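2 protein chains.
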Amino acid sequence: MKFMEDRILKDGQVRPGHILKVDSFLNHQLDISLLSEVGKAFYDRFKDKGITRILTVEASGIAIACMTAEYFQVPVIFAKKSKSQNLDGDLFTSVVHSYTYGIDNTVTLAKKFLSANDRVLIVDDFLANGKAVNGLIDICGQAGAEVAGIGIAIEKGFQGGGDDLRARGYDLFSLAVVDEMNADSIKFRS
Amino acid sequence: MKFMEDRILKDGQVRPGHILKVDSFLNHQLDISLLSEVGKAFYDRFKDKGITRILTVEASGIAIACMTAEYFQVPVIFAKKSKSQNLDGDLFTSVVHSYTYGIDNTVTLAKKFLSANDRVLIVDDFLANGKAVNGLIDICGQAGAEVAGIGIAIEKGFQGGGDDLRARGYDLFSLAVVDEMNADSIKFRS
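Read top to bottom, the protein sequences are chains A and B. Going by the working numbering, 90 is the number at position 90 of the first sequence; the sequence numbering is gapless. Going by the working numbering, 56 is the number at position 56 of the second sequence; the sequence numbering is gapless.
Think of the hints as simulated: they come from the structure by calculation, not from any bench. Treat each hint with caution, since some may be false.
A pair counts as met if it fits within one copy or between any two copies, since identical chains are not told apart.
Below, computed lysine-lysine pairings styled on DSS-like, alpha-carbon distance capped at 30 Å [unchecked claim]:
(1) K2 x K81
(2) K2 x K131
(3) K2 x K21
(4) K112 x K81
(5) K111 x K10
(6) K2 x K112
(7) K81 x K21
(8) K10 x K112
Here the structure is a predicted model, which is why all the values come from computation and not from measurement.
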């Protein structure tokens, strides 16, 4: 959508290693008005899908998940990356490779928060190779919950994760799909 | 405030090691209406303080920070716990001991997002021994920014971090202060 593409062109910075830095508005400093527009866009797209949970992974998906959940008025649940002292009881677990951090994480979600009755909207800030989203899809599968939709702020289309999800039949809505980027230009998929 | 105390009594669970589990509404599954009430309570308390930034630390402070920022209409900035590939350039850093995870973290904030002109509202879900908040205060000090206020959803009063901050003159507003807790009861400071 134009509002996200325009902001990327204005404030996004391309870095080596296929990194698109959007830290001034999306994932280190947060522009709350923009994130609210993101939430509304996801609501407008998925409002007829009977969504019961907004699911993301910590940390940079949480802001988008909250702004989205405000429109849907359903709980947010987020998969956690490290085993804290507080996560007792049964957990869903999946292994996710983080492109940003360059490592594998085990992500966990307490089983009590997701069931076979749930219809889930998965959201995240970035979609690159799709490992994070696929980890969340795996968790939904373990719960028997339906993945009713996937909302992404910025998809790096050239890394293939989005195309793979679409080919597998997921209802993926990315507000901006970057098909090419270098130090001089960023090209969006139309 | 009563709405937070009531929810703790209804859904909070006391665990060994002075842990108060509030995962069903505050920091694993998020009740977005409740978090919006938290944001509004912080806004009502601090709206005349000229706040320019809402500052927290990832991950469980982010949701509260976003809901608070919606009322203030200022950016959220959050300190990050691990060095990602994307954090280039100058960083403020501080060492924070995480009570939840039982380890020391280095937390970082890009310098470009905080300046001596800023008046900061620090927010977080929990305040126990105060290490996380003090790490954020340290970062503000490095930037020359003023800590205009501190908003906490749940303070574990018996762990002393809050009393220490108040004694040092900080304007600390905790929605619930737990002074005693065990498997059978939770007592709030009045």
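Next on the checklist: I want to check one pair: K2 and K21. Are their C-alpha atoms no more than 30 Å apart within a copy, between two copies, both, or neither?
Outcome noted: Intra 18 Å, inter 42 Å, cutoff 30 Å: intra-copy only.
Checklist entry - Given a CA cutoff of 30 Å, do K111 and K10 count as a within-copy pair, a between-copy pair, both, or neither? => result between (41 Å within a copy, 20 Å between copies)
Next on the checklist: I want to check one pair: K112 and K81. Are their C-alpha atoms no more than 30 Å apart within a copy, between two copies, both, or neither?
Outcome noted: both (18 Å within a copy, 27 Å between copies)
Checklist entry - Which holds for K81 with K21 at a C-alpha limit of 30 Å: within a copy, between copies, both or neither? => result both (22 Å within a copy, 18 Å between copies)
Checklist entry - Using 30 Å as the alpha-carbon threshold, which applies to K2 and K112: within, between, both, or neither? => result between (39 Å within a copy, 27 Å between copies)
Next on the checklist: For K2 and K81, with the copy left unspecified, which applies at a CA distance of at most 30 Å: within, between, both, or neither?
Outcome noted: Answer is neither: 32 Å inside a copy and 32 Å across each miss the 30 Å cutoff.
Checklist entry - Given identical chains, is K10 near K112, meaning Cα to Cα at most 30 Å, within a copy, between copies, both, or neither? => result Answer is between; shortest inter-copy Cα gap is 17 Å, intra-copy 42 Å.
Checklist entry - For K2 vs K131, is the C-alpha pair at or below 30 Å within one copy, between two copies, both, or neither? => result within (26 Å within a copy, 42 Å between copies)
Hint check: a violation occurs at hint 1 only; the rest are consistent with the structure.
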